[in-house]
Amino acid sequence: MSMLFRTHLRLARASVRQNRTRSFLTCLGIAIGIGSIILILSLTGSISSLIKGEVKDIGADLVVVRPTRVKDTVTSFIEELTMANTFERSSLSLVDVATISSVGGVTATAPIAVSTNTLRNEENTIPSATVIGTTPDFNTIEPLALKYGVFLNDKNTETAVVIGHNLALNLYKSSNPVGRTLTFYGERFIIVGVLDEVDEAIINFDNVNFNNALFMDIDMMEKLMGTIQIQQINVRVLNTSLLEPVAGKISDSLKETRFGDTNFSVSYGDAISHPASNLLNTISWILAIVAGISLVVGGVGVMNIMLVSVSERTHEIGIRKAVGASAYNILMQFMFEALILSVLGSILGMMLGYFAAFIVSTITPFSPYISWEIVAITLIATVSVCIIFGTYPALKAARKKPIDSLRHYL
Amino acid sequence: MDDNVVIKLTGLTKRYGYGDTTSYALQNFDLEVKRGEFIMIMGPSGCGKTTLLNIIGLLDRATDGEYYLNGEDVSDISSARQARLRARKIGFVFQDFNLIQNLTVIENVALPLVYVNRPRTVRLKDASAALRRFHLSEREYYRPSQLSGGQQQRVAIARAIVSDPEIILADEPTGNLDSRSSSIVMEELKAIHEEGNTIIMVTHNPSLTVYATRVINMLDGQIDTDVKTVADHNLPQPISVKVKKRRGRKAKEEE
Numbered sequence: 525m526s527m528l529f530r531t532h533l534r535l536a537r538a539s540v541r542q543n544r545t546r547s548f549l550t551c552l553g554i555a556i557g558i559g560s561i562i563l564i565l566s567l568t569g570s571i572s573s574l575i576k577g578e579v580k581d582i583g584a585d586l587v588v589v590r591p592t593r594v595k596d597t598v599t600s601f602i603e604e605l606t607m608a609n610t611f612e613r614s615s616l617s618l619v620d621v622a623t624i625s626s627v628g629g630v631t632a633t634a635p636i637a638v639s640t641n642t643l644r645n646e647e648n649t650i651p652s653a654t655v656i657g658t659t660p661d662f663n664t665i666e667p668l669a670l671k672y673g674v675f676l677n678d679k680n681t682e683t684a685v686v687i688g689h690n691l692a693l694n695l696y697k698s699s700n701p702v703g704r705t706l707t708f709y710g711e712r713f714i715i716v717g718v719l720d721e722v723d724e725a726i727i728n729f730d731n732v733n734f735n736n737a738l739f740m741d742i743d744m745m746e747k748l749m750g751t752i753q754i755q756q757i758n759v760r761v762l763n764t765s766l767l768e769p770v771a772g773k774i775s776d777s778l779k780e781t782r783f784g785d786t787n788f789s790v791s792y793g794d795a796i797s798h799p800a801s802n803l804l805n806t807i808s809w810i811l812a813i814v815a816g817i818s819l820v821v822g823g824v825g826v827m828n829i830m831l832v833s834v835s836e837r838t839h840e841i842g843i844r845k846a847v848g849a850s851a852y853n854i855l856m857q858f859m860f861e862a863l864i865l866s867v868l869g870s871i872l873g874m875m876l877g878y879f880a881a882f883i884v885s886t887i888t889p890f891s892p893y894i895s896w897e898i899v900a901i902t903l904i905a906t907v908s909v910c911i912i913f914g915t916y917p918a919l920k921a922a923r924k925k926p927i928d929s930l931r932h933y934l
Numbered sequence: 062m063d064d065n066v067v068i069k070l071t072g073l074t075k076r077y078g079y080g081d082t083t084s085y086a087l088q089n090f091d092l093e094v095k096r097g098e099f100i101m102i103m104g105p106s107g108c109g110k111t112t113l114l115n116i117i118g119l120l121d122r123a124t125d126g127e128y129y130l131n132g133e134d135v136s137d138i139s140s141a142r143q144a145r146l147r148a149r150k151i152g153f154v155f156q157d158f159n160l161i162q163n164l165t166v167i168e169n170v171a172l173p174l175v176y177v178n179r180p181r182t183v184r185l186k187d188a189s190a191a192l193r194r195f196h197l198s199e200r201e202y203y204r205p206s207q208l209s210g211g212q213q214q215r216v217a218i219a220r221a222i223v224s225d226p227e228i229i230l231a232d233e234p235t236g237n238l239d240s241r242s243s244s245i246v247m248e249e250l251k252a253i254h255e256e257g258n259t260i261i262m263v264t265h266n267p268s269l270t271v272y273a274t275r276v277i278n279m280l281d282g283q284i285d286t287d288v289k290t291v292a293d294h295n296l297p298q299p300i301s302v303k304v305k306k307r308r309g310r311k312a313k314e315e316e
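Chains as they are written, first to last, in the numbering used here: chain A, 525 to 934; chain B, 62 to 316.
Worth flagging that the hints you see were computed from the coordinates, not collected in a lab. One or more hints might be untrue.
Result set (BS3-like, lysine-lysine): computed pairs, CA atoms no more than 27 Å apart in a straight line [as the list claims (entries may be wrong)]:
#, chain 1, residue 1, chain 2, residue 2
1, A, 925, B, 150
2, A, 925, B, 69
3, B, 69, B, 95
4, B, 150, B, 69
5, A, 924, B, 150
Covered stretches of chain B (in silico footprint by chain A; criterion: 3 or more residues with CB under 8 Å from a CB of chain A, positions within the stretch not fixed) [stated by the list, open to error]:
#, region
6, 135-147
7, 168-182
All of these numbers come straight from a predicted model, not from anything done at the bench. The beta-carbon is built from N, C-alpha and C at its ideal position, and this holds for glycine as well.
With the hints as constraints, model all of the structure from the sequences given.
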C-alpha cells in the first residue's frame with residue numbers, strides 16, 4: 525500500500541512539474557487565500573500577544589472590573605460593537621470602587637473614568653483632550669514613567685493634574701510645564717507631573733492613549749462634571765495565589781451591594797486583554813471570513829485545473845486502465861495531484877502571508893506572530909480545499925471507461 | 062474442464078443501441094482458446110474483431126453470454142476485479158502503440174508492474190530485462206516520441222509481457238508499421254509465442270497468417286471459418302506447464 529502511495533506521489537509530482545506555469549498559477553490562487561488568512565491571524569495574534577505581554581509586565585496580580593450590558597439580542601451586541609463606551613452610562617460607580625477596596629486581599633484600587641473635554645491655558649485651547657479621573661493608586665497598580673514631577677497623591681488631589689507628553693507639547697510648547705496652570709471646567713489646576721512618551725500604537729488594556737491624556741482625581745472630576753463614566757476599575761491583589769479567590773469575592777460583594785445586579789465583569793490573567801479587543805476580534809473574524817472566501821476561489825481554481833488535466837489526460841487514463849489500473853488507482857493519482865497543488869499553494873501562501881506581516885511590522889509596532897494554531901488552521905484549510913475541490917475531478921477521471929478513453933485523442 | 066483451456070466463451074453477445082437502432086457486434090459467439098495458441102482473427106471492418114478483443118481483455122463487458130478465464134467465470138465480476146485481472150493475466154498491444162508520451166521508455170514498460178504493487182527497483186529491473194530482450198537497452202531513457210514506429214511497438218510488446226501474463230492480445234500491431242518493422246515485430250511475437258505464450262491477434266493482413274497456429278475469419282459478429290494449422294498437442298507450452306506434465310507422467314509410470 526505504501527508503495528502505491530509513493531508511486532502516486534511521484535506521478536503527481538511529475539504531472540505538476542510538467543505544467544509548471546499552470547501549476548504555479550493554480551498554487552497562487554490557493555496561496556493568496558492562505559496568505560491572507562495567515563496575515564490576518566498573525567496580526568491579530570500579535571496584537572493580543574502585545575496586550576498579554578503588557579498584562580504580564582504590570583504583574584500577574586491584577587484584577588479588572590468592567591461594566592457590561594445585558595446581551596440578549598443580536599442588535600444589542602452590534603450596538604455594543606459600534607458605539608463608543610462613553611456614549612452610554614457606565615454601570616460602575618464610585619460606590620463600587622469603595623466596595624472593591626474594602627474587600628480583603630485588595631491592596632490598591634484605581635478606577636478609570638474617561639471623558640473628552642476642552643482644556644485651556646493662557647495661550648492655547650485643546651478642544652478634545654482625554655481626561656482621566658483616577659486615584660493615586662493608579663500609579664502603584666500601573667507604574668507610569670514620569671518625565672518630570674510627581675504623580676497624584678493624597679495631598680494634592682484638590683488642585684493637581686498630571687499630563688501626557690503630547691498634551692504638554694500642544695498646550696505649552698514645552699516638554700516640562702511642571703508648575704504651570706490650566707483651566708478645566710472653569711477651575712484652575714496646577715501641573716505636578718508630565719509622563720514620558722509612550723508608544724502610541726500599542727493598544728493597552730486600559731484602552732486609553734496616555735500621550736494625550738490628563739490625569740486628575742476622580743472625586744474632583746465628579747464634583748466638576750456631575751457624572752462620570754467609569755470605564756474600568758483596576759485592582760491589585762496581595763499576591764498571585766489570591767487572584768482567583770479575591771476575584772470571586774469582589775464579584776460577590778459587588779453583587780450584594782448592587783442588589784443582585786450583575787452588569788459587570790471581573791477578569792484576571794489573559795482574560796483582561798479579551799474584552800478590550802472585542803471590536804478588534806470581530807473585525808479580524810470578518811476579515812478571516814473574507815480571506816476564507818478567497819481560499820474558496822483558489823479551491824475552485826484547483827478544481828478547474830484538475831478538470832482540464834483530467835480531460836487532457838483521458839488517453840493516458842485509458843492506457844493506465846488497460847494495463848491494470850483500477851478506478852481507485854486513478855482516483856488516488858488525481859487526488860494526490862490536487863493535494864500537491866494545495867500543499868504547494870499553502871506553503872507559498874504561508875511565505876506570502878508572513879512576508880506581508882513582516883512588511884506591516886516594519887510600519888507598525890506589531891511583530892509577526894507565529895503559533896501552532898495558525899499553522900494547524902492553514903493545514904486543515906489546505907487539506908479540506910484539496911478534498912472538497914479535488915474529489916470531483918478525480919472521480920470523473922476514475923469513472924472513465926477504458927475503451928472510450930483509449931479512443932480519445934487530443 | 063481441460064486445464065489447458067485458457068479462455069472459454071459461450072453464447073457471447075454484444076449489443077449496441079436500443080429498439081430500431083439495435084446492432085450486434087457479437088452474436089452468440091463461442092470460442093475455446095488453448096494454452097500456447099497463436100490465433101489470428103481476420104475479417105472485414107465492423108465484424109466485431111476489436112469488440113471481441115476488448116471483451117477478452119476485460120476492457121468491455123458482453124451484454125449476454127459467459128466468459129471463463131482459466132476456468133473462472135469473469136462475465137459479472139466487479140470492475141476492480143477486472144482491473145486486477147488485467148494487471149496480472151492480460152497484456153495488450155495496440156495498433157497505435159498507446160505509450161504514455163511523458164514517461165520514459167522504461168517507465169512505460171514498467172507501468173503494469175505499478176498496479177501489481179512491485180517495488181520501484183524491481184519494476185525497473187524487470188522492465189530493463191524486457192527491453193533487453195527486444196534489443197532496446199540503449200533506448201531506456203528515451204521518450205516514446207524519439208523512437209521509430211517499429212521501436213515503439215516493440216516497447217509496447219515489452220510492456221505487454223513484462224508482468225508475465227496468461228494471454229497477450231494484439232489489435233493490429235503492425236497496422237501502422239512499414240513492412241520491415243512489421244516483420245521484425247511479427248518475429249518478436251513469434252518468439253514470445255514459442256516460449257509458450259498464448260496470443261490472440263487481430264489483423265487485416267492475410268500474409269501474416271503464416272505465423273498463426275489458428276486462423277479465425279469473422280463475419281457479422283460470428284465465426285465464419287476456423288482453421289487450425291498446428292495440432293493441439295504440438296502447441297508450445299510454457300516451461301511451468303511442461304514441468305508439471307512431465308511430473309504427472311513420471312508419477313503415472315511409477316504406479
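Structure-based check of all given hints:
| no. | hint | result |
| --- | --- | --- |
| 1 | A:925 x B:150 | holds, 20 Å |
| 2 | A:925 x B:69 | holds, 24 Å |
| 3 | B:69 x B:95 | holds, 9 Å |
| 4 | B:150 x B:69 | holds, 15 Å |
| 5 | A:924 x B:150 | holds, 22 Å |
| 6 | 135-147 | holds (count 5) |
| 7 | 168-182 | holds (count 9) |
Violated hints for the displayed structure: none, as all numbered hints are satisfied.
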